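The task is simple: from the sequences and hints, build the whole structure.
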Amino acid sequence: MEQIDISLVDWSRAQFALTAIYHWLFVPLTLGLGIIQAIMETIYYRTGNEFWKRTAQFWMKLFGINFAIGVATGLILEFEFGTNWSNYSWFVGDIFGAPLAIEGILAFFMEATFIAVMFFGWGKVSKGFHLTSTWLTIIGATISAYWILVANAWMQYPVGMHFNPDTVRNEMLDFFAVAFSPVALNKLFHTVMSGWVTGSIFVISVSAWFLLKKRETKFALASMKIAAVFGFVACSLAVISGDGSARQIAEKQPMKFAAMEGLYEGSESAPLVAVGVLNPEKKSYRDSIKPFLFKIEIPYMLSFMSEHNLDAYVPGINNIIEGGYTQKNGTTALSAEEKIQRGQTAITALAQYRQAKKDKDEAAMQTTLATLNENFEYFGYGYIKDPGELVPPVGLTFYAFHAMVIFGAFLLLTLLIVAYLSFKKTAPLENKRWLQRGLMWCMLVDVLMGQAGWVVAEVGRQPWAIQDILPTSAAISKLATSSVQITFFLFLALFTILLIAELRILAKAIQKGPEIN
Amino acid sequence: MPKSHFYTRIFRFYYDGFRSMTIGKTLWAIILIKLFVMFLILKVFFFPNFLNEKADTETGKQEYVSEELINRSK
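Chains as they are written, first to last, in the numbering used here: chain A, 1 to 517; chain B, 1 to 74.
Keep in mind that the hints were calculated from the coordinates and are not lab data.
A couple of the hints might just be wrong.
Chain B regions said to be covered by chain A (calculated; three or more residues, Cβ under 8 Å) [what the hints assert, rightly or not]:
#	region
1	5-16
2	29-41
3	44-50
4	60-70
This structure is a prediction, so every number in the text was calculated from the model and none was measured.
For each residue, glycine too, the CB sits at the ideal point set by N, CA and C.
See the structure below:
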């Protein structure tokens with residue numbers, strides 16, 4: 001009998017979450033601001049107008065500060081894989097390693113090469129080569145992000161692999177199934193679009209500050225116009241890809257989908273909770289306490305989100321635990337107890353296979369291997385002691401999802417309004433101080449929206465490190481909880497210092513302004 | 001173009017670029033301090049490779065992880 005202290009799981013997750021949250025402060029701004037500065041430089045290339053050169057250079061400077069402070073923070077996640085998540089790291093094998101290796105190579109060669117030309121090459125290389133380098137820098141950054149998202153998508157929807165009981169590793173069978181899984185592609189689209197929105201909101205917020213200070217008015221209005229139009233298009237596309245994500249989650253991670261809506265009892269023609277307050281008294285799916293104190297619903301909307309069908313059946317948490325309903329693929333859902341049984345069968349078969357191998361018993365190896373393969377898709381359920389462990393934190397998932405949607409809708413509307421106002425000849429953006437103040441705060445809304453999105457993605461899939469085949473409790477290393485606590489607080493201190501440094505340097509660069517006469 | 005000339009130009013490109021940086025110098029200081037803390041303090045003292053400490057060989061690591069995965073389900 002080997003029990004892992006639950007606080008070790010929680011601290012390991014908290015440490016990883018802290019690092020990922022910090023890393024994600026920089027990535028979306030890099031993706032979004034990079035495109036905007038490239039668009040501005042493209043205008044300079046086409047018009048030859050020095051104004052656009054100065055404008056692009058200013059945003060490029062802020063891009064550089066963000067890039068420099070954020071660079072390599074993602075590597076800390078890889079440290080954590082090797083130390084805190086060693087079972088996981090071994091178990092995923094080359095499936096995780098390959099995308100990360102490609103990402104590392106691309107990040108190094110593409111970004112490192114062209115970013116130098118982008119920053120040092122003004123006046124030293126041709127305008128065309130400089131512009132190409134700017135675009136290649138941001139394309140490289142986006143491709144890097146793609147490979148990280150491929151790795152994350154595989155954890156949400158593991159495909160294209162085969163479990164090798166000899167090496168105790170998953171081995172890649174189909175690279176294209178991993179690289180181009182529908183979850184990976186949709187995740188890329190949604191994540192990059194949200195990054196573009198972040199870049200747009202950043203430009204608008206900083207520009208609003210200049211307008212408030214009555215400085216660099218022409219520069220601020222021109223920047224806002226480009227950012228608002230670009231941001232509105234990106235935000236609209238994020239809504240479309242978000243719709244795609246919802247359908248994928250409903251099909252592939254129904255428990256996450258139910259938690260996002262606080263849905264315990266499923267139904268056909270299910271309504272969407274637009275706004276709601278969860279009942280804190282509800283502690284378990286087993287109790288009969290009503291899940292909501294208050295809610296406003298949109299009829300049929302949840303069914304529509306799940307299958308683009310107003311009458312579709314959406315299972316709730318209780319239904320998923322009990323099983324027996326018909327899934328989208330036509331099969332009958334197993335109950336949690338049945339999945340746990342099959343998971344235990346798979347793990348027992350792994351143990352028997354390895355023993356048979358030591359005993360050189362070929363017949364037993366064949367039999368146990370067949371049993372393992374037959375039940376491997378439920379491997380992770382073998383670690384679940386109580387079906388209640390399969391329910392993610394409903395409150396955090398529900399509120400994070402609704403915060404993401406509400407903030408996203410707010411930003412979409414804001415971008416539309418700013419885009420509209422930026423084309424008006426009366427220049428309302430230049431005169432309305434309350435609007436300028438409000439736009440400055442939009443950056444905070446955007447940061448919260450992005451982080452909430454990742455909370456939905458990662459908290460909502462608990463208890464899984466890899467969906468259905470490895471829970472976090474089996475994925476972590478057997479370390480002393482105190483050592484994880486120490487590194488958690490070390491990171492907290494390091495990240496806080498770096499964040500303060502970034503904000504100070506950014507503020508200084510913004511105050512200096514674009515130096516456009 | 002002679003090879004050395006080409007490499008010299010690349011070197012000068014980077015050298016002049018770094019020399020002309022203003023805010024960049026502060027950023028490079030931050031980057032270097034960050035990398036120092038990450039690789040020479042955190043990685044060395046706080047983030048050793050867990051499996052390397054448990055086994056020296058690939059087979060040993062396989063055995064360790066398989067035992068972990070099997071025993072944790074009990």
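Okay, the hints, checked on the actual structure:
For the region 5-16 of chain B, the proposed coverage by chain A is satisfied: 3 residues have a C-beta within less than 8 Å of a C-beta in that chain, meeting the threshold of three. Counting residues of the region 29-41 of chain B whose C-beta lies closer than 8 Å to any C-beta of chain A gives 6; at least three are required, and the coverage claim holds. Counting residues of the region 44-50 of chain B whose C-beta lies closer than 8 Å to any C-beta of chain A gives 5; at least three are required, and the coverage claim holds. A count of 7 residues in the region 60-70 of chain B with a Cβ less than 8 Å from any Cβ of chain A is obtained; the coverage claim is therefore met, three being the minimum.
Checked against the numbered hints given earlier, the structure satisfies every one of them.
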